[in-house]
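Participant: Listed below are the residues making up each chain.
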Amino acid sequence: MAVTLLIGISYVVIAFTVAFLLLYAVRHYLLGYSRLRIDQPKDSMELVGFYMPRVTVLIPMHNEERVAADVLQAIVDSDYDWEKLEVIPVNDRSTDKTREIVDGYAKRYPFIQPYHRTDGQGGKPAALVEACARATGDILVMFDADYVPGRAVIKMLVAPFADPEIGASMGRVVPHNIGDSLLSGLLSLERSAGYQGVQQSRFNLGFTAQFGGTVGAVRAAALESVGGWNPESLTEDTDLTFALLLSGWKTAYVNRAECYEEVPQSWSVRRRQLSRWVTGHTECLHNYWPDLMQSRFLTRWEKVDALFLLAMYWTAPVLVLGWVASLLLFFIPEAHQTPWLPLALAFLGYQLFANQATFLEIGVASMLDGTRIRSLLLPLNLLNFFANTGAICNALRKFYWNKLWGSGGDGWYKTHRTRGTSGGDGFFGGSGAGASVTARSARGLYHARAEGD
Amino acid sequence: MRALPFSNVRLWAGVALALAITVWSVFYAVPIMEAHSRVAAVLAGWAGLPVSGWAPVGVFPGLEPASGPVLAIPTFSEVSEGARLALLLSIVGLLIVAQRFSLFRNVANFLIVLLVASAVANAVFDNFRLESITFGQIWLRQEMLVWLILPWVLLLLFVIPQPNLLRGLVWVVFLQAYGFVFSAVRMVFVLGMLHYTGLIFMPPLWFLLGTMSDLLFVLFFYSLSIHRSSGELWGVRDSWQSHF
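From first to last, the protein sequence lines stand for chains A and B. Here the first sequence is numbered in our numbering, starting from 11 and rising by one per residue. Here the second sequence is numbered in our numbering, starting from 10 and rising by one per residue.
Simulated from the structure, these hints should not be mistaken for lab results. C-beta: ideal position from N, C-alpha, C; glycine also. Treat each hint with caution, since some may be false.
To be verified - Computed Cβ-Cβ distance ranges for the label pairs, DEER-style: (1) A:132 with B:133: 23 to 31 Å; (2) B:242 with A:89: 27 to 35 Å; (3) A:189 with B:134: 48 to 56 Å; (4) A:14 with B:72: 50 to 58 Å; (5) B:47 with A:36: 20 to 28 Å.
Kindly generate the complete structure, drawing on both the sequences and the hints.
Facilitator: Next comes the structure, spelled out in structure tokens:
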């Protein structure tokens with residue numbers, strides 16, 4: 011009796027796993043195909059340079075001596091009118107030389123007005139809340155300290171705001187350290203699929219792009235209308251995406267607004283980064299899904315898309331549940347006698363095939379980017395997928411455990427920077443070299459890249 | 010703007026080929042499975058496996074039986090000391106991999122769980138056994154379903170979203186044939202392991218060499234096709250970043 015029950019439960023779990031993952035597979039295929047075939051995506055490039063409101067650039071920093079000069083130099087080199095530009099590096103209680111670097115730039119460039127935090131709640135969201143109160147721009151542009159924006163990125167991020175319905179815009183994140191480790195190479199493929207593929211595809215289809223505070227902009231009035239940043243959130247950008255969406259604001263995606271980032275080079279850093287994303291994202295799911303389903307601003311398909319986006323990390327534990335169920339069936343000899351065992355295994359096998367869908371997205375993005383050598387790493391992404399599954403399950407376990415028992419949960423974790431650790435001269439060979447590199451970036455953005463995405 | 014608009018020719022040519030392969034696989038399921046068994050028999054002979062024969066085994070209701078291998082598979086108490094030592098060494102080896110190679114950590118940990126669960130189940134239930142015929146039956150059922158699904162997956166990956174139609178169609182035929190031969194190779198390898206080590210290694214073998222292998226070989230060839238298409242369609246997007 012007990013064995014029969016166990017077999018029954020296992021089949022139900024496998025059926026649920028197959029159905030749940032199949033929905034995501036269909037979504038991946040649809041997004042991949044739609045990105046590949048649409049040659050006139052939604053784009054605001056024609057407005058670049060014609061709409062130039064007052065802008066405040068916010069750069070949260072905590073012990074960023076390795077990277078602070080590069081990002082500040084890149085912004086100084088940007089082609090945005092300095093008269094309409096205000097830059098606030100938010101030095102959040104750094105104990106290294108971040109303060110000296112920032113103050114050095116502030117002395118040379120009057121539009122750089124640093125804000126040094128010495129107390130208060132820690133973490134990026136809390137720092138942003140305080141910095142935004144000082145900002146005078148109509149549009150707030152945000153970069154992470156390890157990001158290097160190209161010359162025209164600010165203009166590109168600002169252009170969509172000519173549309174009064176746009177509350178936020180998001181640029182494309184491109185890893186620059188792709189050759190430094192196997193992990194960074196694999197993550198660069200993931201990023202390509204995520205931005206060149208999924209973000210652009212979702213924006214083309216009229217779904218809201220996911221705002222990212224690493225290279226994004228938000229309308230000050232829109233931010234105020236939703237009550238500002240959520241300082242309690244570990245992913246304040248995802249939180250803002252849905253807060254804006256529920257208030258009727260749209261988020262634009264600007265694929266050509268490329269910003270260069272440093273992806274994690276070690277798995278321990280990657281795991282902690284992923285853990286923070288999972289926790290923050292899942293918190294958003296719990297906070298927003300009831301309101302999303304009832305929102306009068308969203309179509310049915312936008313609601314479905316938003317739900318898919320918010321629940322995406324659940325795919326990992328569901329997959330593991332399916333594995334456990336099939337393992338149980340394997341060890342129950344009674345299950346071997348029923349013709350359903352191979353069928354169940356075949357369904358799981360089909361799910362493995364369905365998981366090709368995520369690789370289709372990577373393939374599509376690789377083709378669009380013209381990635382050649384790196385595309386050969388694609389099969390290794392399966393291992394990356396296993397590693398992610400473990401990290402996500404662990405993060406979700408902690409999240410729900412903390413939710414159940416009310417303990418603190420994960421706190422803010424600053425991603426470890428490695429720039430300059432190998433050569434000693436920094437990514438740009440020191441900030442003095444930054445100008446030439448960002449100038450090369452700008453050439454790419456203005457000319458060769460004009461038909462490049 | 011870079012894009013690859015679909016063409017009706019590419020779509021319908023791909024669908025026609027996938028449909029043809031599927032229909033052919035359904036109508037000739039028994040001869041295909043028989044051919045698979047014959048290839049496996051030849052490979053088993055080359056490997057020196059003492060297969061005593063291939064007996065009829067019903068794979069799907071309503072179909073004539075195919076052939077399954079007849080080979081002794083020992084229970085846990087019957088396996089040699091060497092096999093038990095191999096189990097221990099495998100667990101130790103996987104622990105080392107899990108410690109030293111982060112990329113493989115989760116896979117290695119999962120395999121360790123499978124091995125330990127298998128060892129416990131085999132030790133506690135000594136009557137836990139799998140006949141080689143049953144193994145052949147399960148394998149053929151699974152792979153037959155894979156061969157039915159495969160052309161459609163290949164259509165979605167190699168034909169519709171890629172620029173060269175003819176090459177896409179060749180990929181589909183080649184990979185379908187490759188999947189068939191690769192299945193026979195894997196089946197013989199697992200049979201050999203079953204014969205010499207019993208059921209101890211069966212769960213991890215099933216995990217690694219079952220549908221996971223089908224996924225992996227498709228992924229491997231997909232990466233090659235993307236590599237080729239990327240260079241053919243457009244140049245690398247100009248970027249100041251160093252290329253990997």
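Participant: It remains to establish, for every hint, whether it holds in the given structure.
Facilitator: Hints and how they fare:
1. A:132 with B:133: 23 to 31 Å: violated, 51 Å
2. B:242 with A:89: 27 to 35 Å: holds, 31 Å
3. A:189 with B:134: 48 to 56 Å: holds, 51 Å
4. A:14 with B:72: 50 to 58 Å: Taking Cβ atoms as reference, residue 14 (chain A) and residue 72 (chain B) lie about 28 Å apart, which means the hint is violated.
5. B:47 with A:36: 20 to 28 Å: Check failed, 38 Å falls outside 20 to 28 Å.
Consistency with the previously given hints fails for numbers 1, 4, 5, ordered from lowest to highest.
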